[in-house]
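**Q** Read off the chains here:
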Amino acid sequence: MTNLLEFQRRVAGAVMSPLNRSISAEANQLVKPNDRLTSTERLNIYHRQYWYRILDSFNEDFPGLCSILGERAFERLSRAYLADCPSQSFTLRNLGSRLATWLTEHPEFAGQHFALAIDMIRLEWAHIDAFDSAERKALGPEDLLELGPELRLALQPYVRLLALRYPVDDLRVQLNQHLNEHGAASNAVSRPARRHIVRRFARLKPQPIFLAVHRVDFTVYYRRLDADEFRLLESFGEGQSIGQALDSALAGTEFEPAELQQKIQTWFANWAQLGWLSSRPS
Amino acid sequence: MPANRFNGQTDFGIGIGLRVPHYQHILERRPVVDWFEIISENYMLDGGRPLAILDRILEQYRVVQHGVSMYFGSAEPLNREHLRRLKALVKRTKTPWLTDHLCWGSVDGRYTHDLLPMPYTFEAAEITARKVREARDFLEVPIAVENVSSYAEFHISEMTEWEFLNEVVEGADCGILLDVNNIYVSSQNHGFDPYDYLNGVPAERVAQIHIAGHSKFEKYILDTHDHPVLDPVWKLYEHAIRRVGPTATLLEWDDRIPSFDEVHAEARKAEQFIGIPVVVSQ
Numbered sequence: 009m010t011n012l013l014e015f016q017r018r019v020a021g022a023v024m025s026p027l028n029r030s031i032s033a034e035a036n037q038l039v040k041p042n043d044r045l046t047s048t049e050r051l052n053i054y055h056r057q058y059w060y061r062i063l064d065s066f067n068e069d070f071p072g073l074c075s076i077l078g079e080r081a082f083e084r085l086s087r088a089y090l091a092d093c094p095s096q097s098f099t100l101r102n103l104g105s106r107l108a109t110w111l112t113e114h115p116e117f118a119g120q121h122f123a124l125a126i127d128m129i130r131l132e133w134a135h136i137d138a139f140d141s142a143e144r145k146a147l148g149p150e151d152l153l154e155l156g157p158e159l160r161l162a163l164q165p166y167v168r169l170l171a172l173r174y175p176v177d178d179l180r181v182q183l184n185q186h187l188n189e190h191g192a193a194s195n196a197v198s199r200p201a202r203r204h205i206v207r208r209f210a211r212l213k214p215q216p217i218f219l220a221v222h223r224v225d226f227t228v229y230y231r232r233l234d235a236d237e238f239r240l241l242e243s244f245g246e247g248q249s250i251g252q253a254l255d256s257a258l259a260g261t262e263f264e265p266a267e268l269q270q271k272i273q274t275w276f277a278n279w280a281q282l283g284w285l286s287s288r289p290s
Numbered sequence: 025m026p027a028n029r030f031n032g033q034t035d036f037g038i039g040i041g042l043r044v045p046h047y048q049h050i051l052e053r054r055p056v057v058d059w060f061e062i063i064s065e066n067y068m069l070d071g072g073r074p075l076a077i078l079d080r081i082l083e084q085y086r087v088v089q090h091g092v093s094m095y096f097g098s099a100e101p102l103n104r105e106h107l108r109r110l111k112a113l114v115k116r117t118k119t120p121w122l123t124d125h126l127c128w129g130s131v132d133g134r135y136t137h138d139l140l141p142m143p144y145t146f147e148a149a150e151i152t153a154r155k156v157r158e159a160r161d162f163l164e165v166p167i168a169v170e171n172v173s174s175y176a177e178f179h180i181s182e183m184t185e186w187e188f189l190n191e192v193v194e195g196a197d198c199g200i201l202l203d204v205n206n207i208y209v210s211s212q213n214h215g216f217d218p219y220d221y222l223n224g225v226p227a228e229r230v231a232q233i234h235i236a237g238h239s240k241f242e243k244y245i246l247d248t249h250d251h252p253v254l255d256p257v258w259k260l261y262e263h264a265i266r267r268v269g270p271t272a273t274l275l276e277w278d279d280r281i282p283s284f285d286e287v288h289a290e291a292r293k294a295e296q297f298i299g300i301p302v303v304v305s306q
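Which chain is which? The protein sequence lines are A and B, in order. Sequence positions in the first sequence follow the working numbering and run 9 to 290. Sequence positions in the second sequence follow the working numbering and run 25 to 306.
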């Protein structure tokens with residue numbers, strides 16, 4: 009082990025330690041004081057900057073979760089999660105990648121809103137993924153004419169499929185509208201207005217939905233799907249051929265054969281128009 | 025010495041940082057700007073709006089990549105996934121040279137997302153120089169390292185910051201992105217003469233210069249990039265130009281970003297210094 013590695017472990021340990029923890033012992037051993045600041049005060053500049061930076065970024069990524077939990081509970085959750093799951097990526101974009109798993113192991117941070125919070129986290133993480141994931145050459149309506157049962161299709165990498173217990177898409181859209189009307193700085197939203205949103209979110213009743221989070225012209229949208237449509241798309245994503253996917257995904261369908269035939273045609277036409285399908289990469 | 029092997033033998037003039045609030049202005053009005061600097065990490069993505077915007081910018085402007093998370097000074101090896109994504113972006117932008125900071129910020133795979141100051145030791149200089157060489161060999165583009173602003177000094181340091189900079193750039197045979205605002209901020213925080221620093225820099229290795237604004241607090245100065253350039257920094261810039269000659273110069277403005285025209289006008293103040301005679305040191 010190098011001296012540099014050991015030194016950096018000690019400094020990073022202090023900088024990334026929880027905000028309420030004293031870093032004086034490490035600071036005094038590692039950092040020189042000057043005529044204006046003690047060793048602790050100098051290292052504290054980095055300590056505070058670290059937490060402000062990652063909390064700001066986290067807050068930007070999960071405004072819906074914040075509205076469900078309320079600001080205080082959200083801050084408690086943020087600090088606990090980021091202490092347990094510090095960034096492992098060169099980009100802050102991935103800061104929330106482990107949040108759903110972590111909250112499942114620490115449900116006490118969401119209290120009675122656990123199921124709703126998990127759904128919102130899945131939606132908000134899918135939103136981040138849909139924004140900047142890759143786009144492959146899409147199959148257009150003319151390509152559909154040549155589809156055979158053996159062909160394997162792929163979903164665009166930017167399309168995320170979610171089966172949710174709560175209609176959190178409506179909540180997130182309402183919140184976006186509210187934030188747009190009051191400026192992007194969500195913390196600047198008046199407290200009564202925010203409390204109103206929190207109350208509305210807390211009252212939400214379960215209502216299972218199937219959702220595609222996708223983008224059009226670089227803007228992310230949420231699109232509700234029929235259960236059969238969702239299962240069919242999932243099957244394509246798993247690598248099944250068109251024939252296999254139709255058999256497995258639609259085995260328990262409630263539609264009559266003629267109606268189902270019409271539905272399938274409509275779905276494929278919509279997917280082609282949206283550019284969701286592509287050839288499976290070799 | 026505007027063109028040298030560390031900036032790809034180019035003679036770029038005054039540039040500004042490409043920032044999201046200015047996208048629309050730039051794409052619609054096509055202002056005359058010599059070049060843009062981009063934050064590499066903002067475009068190391070698989071798809072989506074950022075890359076689409078970048079491609080439109082690249083059709084009309086020269087772009088240089090500036091990174092914030094390569095962490096040449098971290099004791100751990102370079103992140104191969106980071107390098108792979110960075111190389112893909114280098115091919116896209118055709119950046120004539122590439123810059124990142126002379127700092128560290130990650131340890132054991134955990135990222136602080138900060139530009140932490142180095143301990144100025146010979147061991148750290150050797151490790152850092154080796155990593156710069158490895159990155160350059162992989163990326164196949166000249167690299168220049170930027171001096172950071174800092175708020176702490178370490179007991180284990182064995183030399184001044186500018187001596188450390190010399191050790192690294194000689195060991196790596198790389199260029200320097202000379203940030204005169206950072207020199208000023210650190211000089212005030214640590215009590216050294218910023219002109220000693222400037223005079224200690226190997227002029228022939230300076231590939232590019234950064235200028236920016238900062239914020240004064242009661243006991244220290246913070247490098248905030250949210251103000252116009254202050255007079256002491258312009259004086260340092262004038263001195264730097266006398267030493268190294270007219271050099272590609274970039275204004276950084278990253279927070280409380282004003283209109284494009286205001287940022288551009290601030291950057292163009294540097295033009296008055298570009299033509300001043302170079303003082304050849306004995």
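Treat the hints as calculated values from the structure; they're not laboratory data. Treat the hints with care, as some may be off.
Claimed, not checked - Now the in silico label distances, taken between C-beta atoms and shown as ranges:
(1) B:Asp-279 x A:Gln-252: 47 to 57 Å
(2) A:Asn-188 x B:Glu-164: 42 to 52 Å
(3) A:Asp-92 x B:Glu-158: 43 to 53 Å
(4) B:Glu-164 x A:Gly-148: 29 to 39 Å
(5) A:Arg-18 x B:Glu-150: 39 to 49 Å
(6) A:Thr-227 x B:Glu-164: 33 to 43 Å
(7) A:Lys-213 x B:Glu-164: 30 to 40 Å
(8) A:Arg-61 x B:Pro-45: 37 to 47 Å
(9) A:Arg-106 x B:Glu-150: 46 to 56 Å
(10) B:Glu-150 x A:Gly-245: 47 to 57 Å
(11) A:Pro-216 x B:Arg-53: 15 to 25 Å
(12) B:Gln-296 x A:Asn-184: 21 to 31 Å
(13) B:Gly-133 x A:Arg-61: 13 to 23 Å
Even for Gly, the Cβ is constructed at its ideal location relative to N, Cα and C.
**Q** For the hint 37 to 47 Å, verify it against the beta carbon of Arg-61 of chain A and that of Pro-45 of chain B.
**A** Hint violated: Cβ distance 20 Å, outside 37 to 47 Å.
**Q** Starting from the range 29 to 39 Å, see whether the pair Glu-164 of chain B and Gly-148 of chain A falls in it by beta-carbon distance.
**A** Given range 29 to 39 Å: holds, Cβ gap about 38 Å.
**Q** Could you check the hint for me, namely that Asp-279 of chain B and Gln-252 of chain A are 47 to 57 Å apart, CB to CB?
**A** holds, 53 Å
**Q** Taking the Cβ atom of Lys-213 of chain A and the Cβ atom of Glu-164 of chain B, is their distance within the range 30 to 40 Å?
**A** Since Lys-213 of chain A and Glu-164 of chain B have Cβ atoms about 58 Å apart, the given range 30 to 40 Å is violated.
**Q** Per the hint of 21 to 31 Å, is the separation of the Cβ atoms of Gln-296 of chain B and Asn-184 of chain A within bounds?
**A** Violated, at about 46 Å.
**Q** Just tell me: holds or violated, for the beta carbon distance of Pro-216 of chain A and Arg-53 of chain B against 15 to 25 Å?
**A** Violated, since Pro-216 of chain A and Arg-53 of chain B (Cβ atoms, about 49 Å apart) do not stay within the stated range.
**Q** Does the Cβ-Cβ separation between Thr-227 of chain A and Glu-164 of chain B fall within 33 to 43 Å?
**A** Holds - the Cβ-Cβ distance for Thr-227 of chain A and Glu-164 of chain B, about 36 Å, lies within 33 to 43 Å.
**Q** Starting from the hint 13 to 23 Å, judge whether the C-beta atoms of Gly-133 of chain B and Arg-61 of chain A obey it.
**A** Given a distance of about 18 Å, which is inside 13 to 23 Å, the answer is holds.
**Q** Starting from the hint 39 to 49 Å, judge whether the C-beta atoms of Arg-18 of chain A and Glu-150 of chain B obey it.
**A** violated, 20 Å
**Q** Using the C-beta atoms of Asn-188 of chain A and Glu-164 of chain B, is the stated range 42 to 52 Å upheld?
**A** For Asn-188 of chain A and Glu-164 of chain B the Cβ distance comes to about 44 Å; the hint holds.
**Q** Between Asp-92 of chain A and Glu-158 of chain B, does the C-beta distance stay in 43 to 53 Å?
**A** Since Asp-92 of chain A and Glu-158 of chain B have Cβ atoms about 32 Å apart, the given range 43 to 53 Å is violated.
**Q** Holds or violated: the 47 to 57 Å window for the beta-carbon distance between Glu-150 of chain B and Gly-245 of chain A?
**A** Since Glu-150 of chain B and Gly-245 of chain A have Cβ atoms about 48 Å apart, the given range 47 to 57 Å holds.
Hint violations for this structure: numbers 3, 5, 7, 8, 9, 11 and 12, all remaining hints satisfied.
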